[in-house]
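Colleague: Keeping their order, the protein sequence lines are chains F and G.
Read in order, the letters of the first sequence are residues 1 to 126 in the numbering used here.
Read in order, the letters of the second sequence are residues 1 to 271 in the numbering used here.
Just so you know, not all the hints are guaranteed correct.
What the hints assert, rightly or not - Below 35 Å or equal to it, Euclidean Cα-Cα: the simulated DSBU-like pairs (lysine-lysine) are:
(1) F/Lys65 with G/Lys109
(2) F/Lys65 with G/Lys199
(3) G/Lys116 with G/Lys192
(4) F/Lys92 with G/Lys90
(5) G/Lys90 with G/Lys132
(6) G/Lys90 with G/Lys141
(7) F/Lys91 with G/Lys199
(8) F/Lys65 with G/Lys116
(9) G/Lys90 with F/Lys65
(10) G/Lys141 with F/Lys92
To be verified - Quick look at which bits of chain F chain G covers, simulated, 3 or more residues with Cβ under 8 Å:
(11) 32-46
(12) 49-61
(13) 66-79
(14) 92-98
(15) 104-113
Rather than coming from a laboratory, the hints here were simulated on the basis of the structure.
Glycine residues also receive a C-beta, built at the ideal position from the N, C-alpha and C atoms.
The lines below spell out each chain.
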Amino acid sequence: MSDIKGDPTPPAHPAPAPVLAAGDHAVDLNSYIRLCGVVFLVVVCTTSAMIAASFAHIGEGWTLKVALILAIAVINAFLVAGYLMHLLSEKKLIYTVLAFTVVFFIGLMGLTVWATNGFPPGTASH
Amino acid sequence: MEIPYIVELRPDTGIYNAKLGIWLFLASEVMLFGGLFSAYVLLRVGAEPGMWPHGWLDVRLGTINTLLLALSAITTLLAWAACKVREFGKFKFFHAFTILLALTFLGIKSYEYHDKWIHYQIDLAGGNYPGKIADGHLVEKSADFDLAKKTGSVTLHGRFVDDARELMDLRRPAARSARLDEITIQAADIKKMENYGPKHNTFTAIYFTLTGLHALHILGGTLVISYLWGPGSRMWRRDPERFTNRIEVSGLFWHFVDLVWIFLFPVLYLT
């Protein structure tokens with residue numbers, strides 16, 4: 001457990017100013033709390049929308065339903081990545097790293113979709 | 001030897017080294033989970049028509065876990081923000097919540113796993129229901145129950161069906177309104193008995209693999225966050241900026257874990 005008791009403010013840094021030297025994001029705690037409240041509300045709404053879509057009668061089969069539910073999940077993911085992970089205001093290098101990831105991920109999923117009906121002879125059960 | 005750029009920004013990258021490190025790690029994690037999602041897609045589209053399960057998982061529990069993780073992602077961010085504005089007490093408060101939420105998530109996940117572990121499908125060979133399938137949760141096994149020796153009996157809370165296909169889509173009105181009773185089956189009448197563990201079918205295999213790997217990430221993240229909340233927080237006294245960076249890096253990992261769940265939940269529970 002922590003050995004810090006009483007006032008935990010480090011003696012070497014007595015001023016209560018925000019720590020900005022290492023960071024790239026200026027911080028105001030109250031505005032963060034408001035932002036988080038909004039993000040959580042939207043997450044609750046999108047989660048409810050996914051559940052509603054899952055039980056609603058949308059087209060025949062699951063294809064349209066799955067597409068709709070995943071589209072809502074992408075909105076959810078955008079909120080988390082964009083606001084909570086600060087991806088909307090990150091450095092160029094991180095965007096570059098993620099651009100490579102996106103390319104490889106799309107390639108992986110593209111190969112998956114391409115291969116879905118390509119069963120080698122004798123391996124498909126139907 | 002002093003490690004460079006753990007607090008100050010590296011001039012050529014514009015970020016401190018640990019932050020670049022965690023993003024590179026997360027990029028590799030995307031590909032790890034991406035491979036498993038790819039396997040999921042192939043298993044699902046390769047399943048025989050009507051043989052991919054629907055409604056096997058409890059949407060209510062999945063929803064609660066989704067909200068718990070979303071809330072923990074928020075408390076993680078607020079813990080970091082509290083460090084940034086030098087409010088150590090608030091950091092402790094927010095991260096205590098993160099740990100609590102993470103442990104609750106793992107508790108619910110364990111309950112779900114247990115529920116699958118005691119859920120059995122029994123193919124019957126004889127007795128009153130030859131050729132039928134008994135499906136339900138284990139109530140008890142008699143003391144002398146031994147499937148190999150064909151002795152004793154097993155009691156389930158469940159129902160009989162004629163075909164395994166009837167067990168696939170539990171969202172069908174007929175499946176939802178099915179009456180469940182306590183049914184006792186003699187071991188001598190059992191052809192095959194199997195719980196809903198990973199080897200039951202391809203759905204349970206990919207379900208346990210995906211959620212198991214995700215749960216391991218939750219466990220690992222919880223250990224790191226607990227360390228930073230507890231003994232690791234000593235660093236706050238001597239180097240608050242470096243400590244704040246550690247909170248940011250662990251927070252980025254935690255948000256990634258939340259991101260993965262954002263896709264696991266609809267893919268496994270809702271579709």
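Colleague: Next step is simple, just say for each hint if it's right about the structure.
Modeller: Now for the hints, and whether the structure bears them out:
no.: 1; hint: F/Lys65 with G/Lys109; in the structure: holds, 26 Å
no.: 2; hint: F/Lys65 with G/Lys199; in the structure: holds, 28 Å
no.: 3; hint: G/Lys116 with G/Lys192; in the structure: holds, 17 Å
no.: 4; hint: F/Lys92 with G/Lys90; in the structure: holds, 32 Å
no.: 5; hint: G/Lys90 with G/Lys132; in the structure: violated, 60 Å
no.: 6; hint: G/Lys90 with G/Lys141; in the structure: violated, 51 Å
no.: 7; hint: F/Lys91 with G/Lys199; in the structure: violated, 45 Å
no.: 8; hint: F/Lys65 with G/Lys116; in the structure: holds, 26 Å
no.: 9; hint: G/Lys90 with F/Lys65; in the structure: violated, 42 Å
no.: 10; hint: G/Lys141 with F/Lys92; in the structure: violated, 62 Å
no.: 11; hint: 32-46; in the structure: holds (count 7)
no.: 12; hint: 49-61; in the structure: holds (count 5)
no.: 13; hint: 66-79; in the structure: holds (count 7)
no.: 14; hint: 92-98; in the structure: holds (count 5)
no.: 15; hint: 104-113; in the structure: holds (count 7)
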